Structures are given as C-alpha cells and as structure tokens.
Amino acid sequence: MSTTLNNIPMIELVNVSKRFSKTLDFAGKFAKKLGMPVREEVVHAVDGVNLSVRKGEVVGLVGESGCGKSTLGRMVAGIMPATEGDIFWQGQNTANLSGAKAKLAKLQTQMIFQDPMSSLNPRLRVSDIIGEAPLVHGMVKRDQLETYVDEQMRRAGLDPSYKRRYPHQFSGGQRQRIGIARALAVQPEFLVCDESVAALDVSIQAQVLNLFMKLRQELDLTYLFISHDLSVVEHLSDRVVIMYLGRVVEEAKAEDVFNRANHPYTQSLLNAVPRIEARKKAFQVVKGEIPSPLNPPKGCHFHPRCPMAMDRCRVERPLLKEIAPGHKSACHLNDAA
Amino acid sequence: MTQTPTLEVRNLRTHFFTRAGVVKAVDDVSFTVPRGKVLGLVGESGSGKTVTGFSVMRLVDEPGRIAGGQILFKGQDLAKASEEEMRSLRGNRIAMIFQDPMMTLNPVLRIDTQMIETVQAHAKVSREEARQRARDTLGMVGIPSPDERLMSYPHQFSGGMRQRVAIAIALLHKPDLIVADEPTTALDVTIQGQILAEVQKLAAETGTSLIWITHDLSVVSGLADDIAVMYAGKVVEHGDVGEVLDTPLHPYTNGLLGSVPSRNKRGEPLRSIPGMTPSLFNLPAGCAFQARCPRAAEVCKQEPPFREWLPAREARCFIPHNVSEPGTKEQVA
Amino acid sequence: MSATTAPTTPPPAVKPAKVETPFRRLVSEFCESKLALFGLIVFIIICLLALFAPWISPQNPYDLAQLDIMDGRLEPGTVGGAGFTYWLGTDDQGRDMLSGILYGLRISLTVGGGSAILACAVGASLGLLAAYAGKRTDTIIMRLVDLQLSFPTILAALMILAFLGKGVFNVVIALVIVEWAYYARTVRGTALVERRREYIEAAQCLALPTHRIIFRHLLPNCMPPIIVIGTMQIARAIALEATLSFLGLGVPITEPSLGLLIANGYEYMLSGKYWISFYPGIALLITIVSINLVGDQLRDVLNPRLKK
Numbered sequence: 001m002s003t004t005l006n007n008i009p010m011i012e013l014v015n016v017s018k019r020f021s022k023t024l025d026f027a028g029k030f031a032k033k034l035g036m037p038v039r040e041e042v043v044h045a046v047d048g049v050n051l052s053v054r055k056g057e058v059v060g061l062v063g064e065s066g067c068g069k070s071t072l073g074r075m076v077a078g079i080m081p082a083t084e085g086d087i088f089w090q091g092q093n094t095a096n097l098s099g100a101k102a103k104l105a106k107l108q109t110q111m112i113f114q115d116p117m118s119s120l121n122p123r124l125r126v127s128d129i130i131g132e133a134p135l136v137h138g139m140v141k142r143d144q145l146e147t148y149v150d151e152q153m154r155r156a157g158l159d160p161s162y163k164r165r166y167p168h169q170f171s172g173g174q175r176q177r178i179g180i181a182r183a184l185a186v187q188p189e190f191l192v193c194d195e196s197v198a199a200l201d202v203s204i205q206a207q208v209l210n211l212f213m214k215l216r217q218e219l220d221l222t223y224l225f226i227s228h229d230l231s232v233v234e235h236l237s238d239r240v241v242i243m244y245l246g247r248v249v250e251e252a253k254a255e256d257v258f259n260r261a262n263h264p265y266t267q268s269l270l271n272a273v274p275r276i277e278a279r280k281k282a283f284q285v286v287k288g289e290i291p292s293p294l295n296p297p298k299g300c301h302f303h304p305r306c307p308m309a310m311d312r313c314r315v316e317r318p319l320l321k322e323i324a325p326g327h328k329s330a331c332h333l334n335d336a337a
Numbered sequence: 001m002t003q004t005p006t007l008e009v010r011n012l013r014t015h016f017f018t019r020a021g022v023v024k025a026v027d028d029v030s031f032t033v034p035r036g037k038v039l040g041l042v043g044e045s046g047s048g049k050t051v052t053g054f055s056v057m058r059l060v061d062e063p064g065r066i067a068g069g070q071i072l073f074k075g076q077d078l079a080k081a082s083e084e085e086m087r088s089l090r091g092n093r094i095a096m097i098f099q100d101p102m103m104t105l106n107p108v109l110r111i112d113t114q115m116i117e118t119v120q121a122h123a124k125v126s127r128e129e130a131r132q133r134a135r136d137t138l139g140m141v142g143i144p145s146p147d148e149r150l151m152s153y154p155h156q157f158s159g160g161m162r163q164r165v166a167i168a169i170a171l172l173h174k175p176d177l178i179v180a181d182e183p184t185t186a187l188d189v190t191i192q193g194q195i196l197a198e199v200q201k202l203a204a205e206t207g208t209s210l211i212w213i214t215h216d217l218s219v220v221s222g223l224a225d226d227i228a229v230m231y232a233g234k235v236v237e238h239g240d241v242g243e244v245l246d247t248p249l250h251p252y253t254n255g256l257l258g259s260v261p262s263r264n265k266r267g268e269p270l271r272s273i274p275g276m277t278p279s280l281f282n283l284p285a286g287c288a289f290q291a292r293c294p295r296a297a298e299v300c301k302q303e304p305p306f307r308e309w310l311p312a313r314e315a316r317c318f319i320p321h322n323v324s325e326p327g328t329k330e331q332v333a
Numbered sequence: 001m002s003a004t005t006a007p008t009t010p011p012p013a014v015k016p017a018k019v020e021t022p023f024r025r026l027v028s029e030f031c032e033s034k035l036a037l038f039g040l041i042v043f044i045i046i047c048l049l050a051l052f053a054p055w056i057s058p059q060n061p062y063d064l065a066q067l068d069i070m071d072g073r074l075e076p077g078t079v080g081g082a083g084f085t086y087w088l089g090t091d092d093q094g095r096d097m098l099s100g101i102l103y104g105l106r107i108s109l110t111v112g113g114g115s116a117i118l119a120c121a122v123g124a125s126l127g128l129l130a131a132y133a134g135k136r137t138d139t140i141i142m143r144l145v146d147l148q149l150s151f152p153t154i155l156a157a158l159m160i161l162a163f164l165g166k167g168v169f170n171v172v173i174a175l176v177i178v179e180w181a182y183y184a185r186t187v188r189g190t191a192l193v194e195r196r197r198e199y200i201e202a203a204q205c206l207a208l209p210t211h212r213i214i215f216r217h218l219l220p221n222c223m224p225p226i227i228v229i230g231t232m233q234i235a236r237a238i239a240l241e242a243t244l245s246f247l248g249l250g251v252p253i254t255e256p257s258l259g260l261l262i263a264n265g266y267e268y269m270l271s272g273k274y275w276i277s278f279y280p281g282i283a284l285l286i287t288i289v290s291i292n293l294v295g296d297q298l299r300d301v302l303n304p305r306l307k308k
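Residue numbers (this note's numbering), protein chains in the order written: chain A, 1 to 337; chain B, 1 to 333; chain C, 1 to 308.
The hints are simulated quantities; they were obtained by calculation from the structure and are not laboratory data.
For clarity, every value in this text was computed on a predicted model and none was experimentally measured.
Don't take every hint at face value.
Taking lysine-lysine pairs in the BS3-like style, the calculated list, with each CA pair at most 27 Å apart, reads [as the list claims (entries may be wrong)]: (1) C:K135 x A:K22; (2) A:K253 x B:K265; (3) A:K32 x C:K135.
Same shape as in the complex, but just chain A (with noise of 0.2 Å):
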C-alpha cells in the first residue's frame, strides 16, 4: 500500500447527510392546514456519516437494503449533492471547487454501476461510450482516440477488435468491463464500485474481481467498495464500514470486522451469512424486518431486532465512537463496560 507525504485522505466526508423530502404541493398544504393527517414525508438515506479514505486503501461499504449505501456512494462520486455536511476532495470542499478544479475533482472520481444491462448507453457503440468522455474533455486528440479506446479496452480484459459493437452483443460481464474501460478512460483516481458484481455469476465474478485487485495495483487506484455480499468484501477490502438505515454502526480493519465484530448488527449479518463448510446446519436468524427508511425506529436504529437491546437503545440514538486503535462502533453496550 502506498504512503502519501502528507495524510491528507483523499476523500473525507464530514457528517454528511441526504434527506429526500416531497414536499406537500399546493392541494397538499390546503389539507393540513383543515386540519387532516398529511404531512411532508422525508426520507433519511443518509444521516451524519463521517467516513475518509486514504490513497490507495480500498474501503468496503456494507448493508442491506435502506441503509443508504449507493446514496453515499453516489454522493461520494458527486452526481448527487448532499443536503447536509461537508465532502473534501484531497483537502479542498468540493462544494467551494468551481470551474476547471470542479470539473477535474469530478473526472478523478468514477463510478462502476450495479446493472450491466442499463449502465451503458444501448445506443452507442462500444467504442463511442469508451472515447466519449476523453474526447470531449480534450484529453486525447482525435486521431489518436482509436489507439487510446484500443488501450482501455485490453486493460479491462476486452478485445479491441469488437469496439465497434454495440452493448446488447456482449454478456453481462464483458458489459461490466466495458463499464470499468469507460471509467479508466477519463484517468480518475478514485473509483466507486456500486454492488459492481453482484448481478455477475460466480465465475465471472471472481474474473471481474481479480480484473479490480489488478487494476488497484497497476494504476495506484482507490477504491470505495460497495457491496452488501461480505465474503466478497472482506477478501478486497482493507477497512470495512457497516451501515444500518443511513447510519454507520462499524468502521474497522477488515480482519477486525470479521473476527472481533463488535455491533450486534455485524454480528447478526455475519451469523447470517450462509458459509459453504455449514453442512446442513440451522441457520442463524435476525429477528424482525427491516424497517422503512421513511419511518427509522426512534434511538438506535436497530433496537427493535436487537438481542441486547437496553431502554437507553429506545431513545439515544449511540454515536460512533472508537473502542480499540482504528475500531469504531456506534453501541451503547460499549459505555457499560
């Protein structure tokens, strides 16, 4: 892993938050005001997150639906602003960053979509949605642009000669290459991978995966790893984060994480895991549903499915704090202590 002269991190988000709201329209606000039960309904995707990467780290996101992990990512990415909070690219506030400096913090960070199938313009030649960006940005002339799309194309594992294709001709995983080659393109530093694999076959998975560990270590990349399938996060991830309903619960080590889980929420997902060496074993259960993002239970999030669940779970929410050298938990069985 590579050192940086200074600790900047690369990425810092300092407790960002998104809240979609739909607003009550015109008809909306006559009926409260008679008095009858509407009201704003808002969700919190993302609540308070503080989270930073380090060159060259990569960092898995883990949780389950509602947790607000590809809202994040997309924050982290910037095609989505946040409603609350501060995001720091190498040091500078991206939301001070215009012009020029903008657009550069923009293309140094891309993102690998979940769908292979919808994540590609089905309109476009392979070798259009690859040269696109590069050409319009001007950072390859245009009789240079074949060679160059050539180029992103054998990184990411496709042979050339078919860039002239458009994308329904490929399978899933060559669309999820061309996704990475499109990515690669415009030379970012930082990619965000949203659930990048989880629509692939195992084998093909495992291709795409080992295309990611070769990519990190040829081009110095970093990574934010979204997934919500942890075997896969804990064999590419050097630091894992845990996200419950739009809040952090776990940051640490990816070993940690496995074998010293502390939140009774990476507990209950790690339990819940099935393992092939479990031979017909009675499969641990969580109890309960996850709630609604649009109605999060009062407190700590998980109380209501939580086997430790104490009165002060119902009404303080727990805030992240670090319990061991870079472990952190957001739990309040860890003040008891």
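We have chain A already, so just place chains B and C on it with the hints.
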C-alpha cells in the same frame, strides 16, 4: 424398502426452436429426488437450471418445448400428461416458488382472496374453511398476526414478507414436491437467513421434497441433501452435497468452488475459471467445458458419458478429480 | 496442479458476420409481420404515386384549359370528347378523377406528413425539456399540454382556421397546434424513465455537458415511442385535414386534397354518381390503413416488454 421417489427425471430434453436456430437449453438431464429430501440444482446463467424447473412444472412456453425424456412424478410421466392433468397437479401436488414473489401474487387482489382462491381451486371446502387453512399456513411460514395480514395487499408487504406469502401459497395443499427457483437471491442477507431457516424447518416437518434452484453454493450447502451441478444444459455432477463440495469430481464444480472468495486467501487473486460459458447456439463438439478446463485433453473432443465414478457420485467427465485413488484427496479448491 | 487465471478474457466464441446495429435488428423484426410489410409496400407505392403525379397522371386537374365541362359527371371508363379515357370517371367540373386523386394524394400527404413532423419536433423538444428540467418548467409545459388536449381536436382546428383563414400553410399550422401535445406528453413519460437509468448517471459522472446528455444520450433512447406516435399521427393528420377540407375550411378549391374531392362529390352520392366521392374515399382509406399497419407493427417491435 425402496419407495417410489417423488420425482425422477430421466434424460430430459427441452429445446427452444428460435429463428436463429435450436437452443438446447436442457439437454439430457437426469436426477432423482427421494421423498422428503432436498435437491440443490446449481448453475450459472445459461446452465439450464431454471428451464429444468419450468419443464418439471410443464410451464415452458413457445418456442420451447420438451423434446424428449421422462419426468416421473410418483411414477406418472408428466412429460406426457395432458394440460388438464397438469392443471390439477400444479398448486396442488406440485408447487413452484419464483425469484420474484410478484410472479405469484396479484397486485390488485387482497392476500385472503388469492389464498382462498388457491385452496378452493383444488379442494371442495367452504370459504371459512379455506380461510382457516390460509391463516394456519401463514402461521407456518412465520408471519405474525396472520388475520391482519390476510386483509392486506401485496404492496403493503416488504420483499421478504411477500416471499413468505408466496411460500405459504405453495404449501396450502401440502404438495409432494416444491420447485423453488432462486427464491432468496433478491433478498437481503438477514431476511434470506430467516427464510432459509423457515424452509429448513418446514421441509423437515412436512416431508415435502424440494428442488432448490440457485447459483449460490453456500445456500445449497446448508439446505440440500443432494446436489446436481449444471453447465450448458447438462448435469455435470450429481451426488451427496457434502461429498461433492468437499471432493468435487468435475473440473467445473472444482472451478466454481475455487472462485468463491471465502475459499481464497485474502488479498490473493481468486482462482477464477478463465473464459465464458459458450453460447448455446454454438457448442463445441464433445465436452462443453473443454475450452475453459485446466485438465482438457484430446479425449474431451468426444461426448463424455455421465458415469458413476464413485458410489452414488456421478460426473460427466473423462478425467475427473479425486478418483485416481479413492483414499487420497487431490489438491483441489 | 493449480488453476491459474488467464490474463485476458478470450473473445466470445460466436463472431457474427456483420455488426448488428439496432437499426438492422429493428428492420428484421419488423419484417416478421407479413401484413405490416404489405402495409409498408402499399404506403411506399402511394408515396411514389403522389411524388410522380405530374408525370403519370393523364391530365392536370388544375389546368382549367384542359377541362371540358361537357365531360362532367361521366361514368368510369367513358371515353371523353377528346378521345381520352376517364378510368375513374369525372367530377362535375369535368376533371378526370384519377388525376384528381393523384394530385389530391400529394396535398394530403404533404399536409399530413409535414404537420406531423413539425408537431413532432415541437412536441418532443418540449417533452424532453420538461422531463430533464423538472419542477416549474415541467409543470408549466404539462399544464399547457392538458389545456391543449382538453379541446376536441376538430373544434380546436376549426377555431384556428376560422381565425387564420384558408390555405395550405394555415392548415399545417392548425394541425401542428392541435397535435404537438401528444408528442410532448409521451416523450416526457419516456424521458422521465430513461433519465433515471444508470447510463445517464454515468454520463453525469463523466462530467459531460448537459446539452450533450440530453441530445446524445437521452433523446435517442426516447425514439421508440416517438416513432410509433409519429406514424399514427401522420394517419391522424391526413384524416383531420380531410375532415377540415370536407367541411370547407381546409385547402382551397383550386388545390383539392382528397377530403375536398370527397366533399365535392357528396351531393351526387344518392343520385347514382357515386364515383366522384367513392374513389377518393377509397384512396384515403388505403393510405390511412397502410400507415396504421406499419404503425401497429412498429409499436409491437419497439415495445421492450414484448421482447423475449
């Protein structure tokens, strides 16, 4: 004492006759599901596992049709059964659970309407009795306050709940066989765990045979008794789940196990299978896996037989792993 | 023995002979319906007839010098005073019906097709804008659409023409005003869906300029409904123009479209001289039906949900 197995599939062939050619989605598939046992049908996309499941239910639409073989359900050949007979069996003696619960549930009907309808389709009972049965079955799948839930619509449920309701509907007539096509793939890990636990319990209690179609080897490991691995329309390995996962015979099974991240050292490149599944329009002569197989040899250009290499362990290969000497275990994944 | 990973993925086993563009795929799927193919061929023939009307029609119906009023209301097949066969008969002015129909097709197709294309350009642009800009722009445009669509089509067209006066150009304007709303609403619907797709997010991530995203990424993927509606609207526009002309408010008498021809012969319907209305009516019917056949198949072919 040998009981007639609940399901015995022999040399099943389901082909799709398309404009571009014949797609042999299922080509010579054979397996047996004894009474009360769980078979894990494992494969990646294009392996033919879903089409196999649909074939058993006789739900394959044009341009596909069953082109050969037998599907013996308690001795009766479903491949030759009339549509009339199939209709009396489906939902009654054989049920199916789909990956998307909305394939089972009608979004505009209340849950009780749908369940009562299913009950009355195959049993001459009163509405009250049907409702009682629905209530009991919902309780069986672990849905709290079933009376309330019966009065709800599907959109008022979460994904996991909907899948439980779909499973409940499948159980209404206590079928002999349930075909489950990736029912937990789209669910969150913790919810998947809950449903797998329920299914495990139910399978043990009711003695229903289960075919669990999935791509996830770890789910199969925890749930199934036997496993059948499919590749390019054929079963390439079949046997007891513990034995197959410990000492796989077929190089594809071996490769699949090697690709799983938990079986590789952290940070090391995963031992992946090179290449891709061949297009079903253009299968090579002989073994479909030879282009990607580390053990491929001249002999593989011929069609490998589906042989019993070890007791109750079959593989479609000329040079399988783990059979050189039965005592020693080869260096595998 | 260890399974090593290959450095690159080998290319797919199947190499298609030629690159299958989305257009080629569309054409081959379209041709699956023999009926639609027939409709397309008929429509092309009609267009060619209309295009080459000045050269193939036996007589120029607008040239008053060629007309002989004594030849009026002759039955189909009669030989006229100048030794010239009127294959489809003549109207009350002595005009050859066949020539009249050929020239009338020209007017009908130009007015109908032209207005549909213009309405498409206007409506699609507004629909795209409404979908991408959202909020107030969207509300304003959509309320305009609602307003426009709440008027009965013919009534609205009549009012506009009463204001503008007669003439081919005015008819086109009236038709555009009446038709743009359908395009706008449909395109907006599709654009709203496509806008959420990941390839649009990817384009945003790549910091592509907004106008490029709208016209190079969003618009081409909203084309299917535009094509379907476009075809149907051409048929509608032709029928609408025929109605207006029939009512006397459309094209001028000197350049009759099919609608006006039908109107001219209307009074003779019951006195046995059916051909003056009948044959233009048949021509109109064939045109509209062929367009509808093409449009139906296009709609099925372009519908992603029907794809296997």
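Verify the proposed pairing of A:K32 with C:K135, using a straight-line Cα cut of 27 Å. holds, 22 Å
Taking only the CA atoms, is the gap from C:K135 to A:K22 under or equal to 27 Å? With Cα atoms ~12 Å apart, C:K135 and A:K22 stay inside 27 Å; holds.
Holds or violated: A:K253 and B:K265, Cα atoms, limit 27 Å. holds, 16 Å
Hint violations for this structure: none, all hints satisfied.
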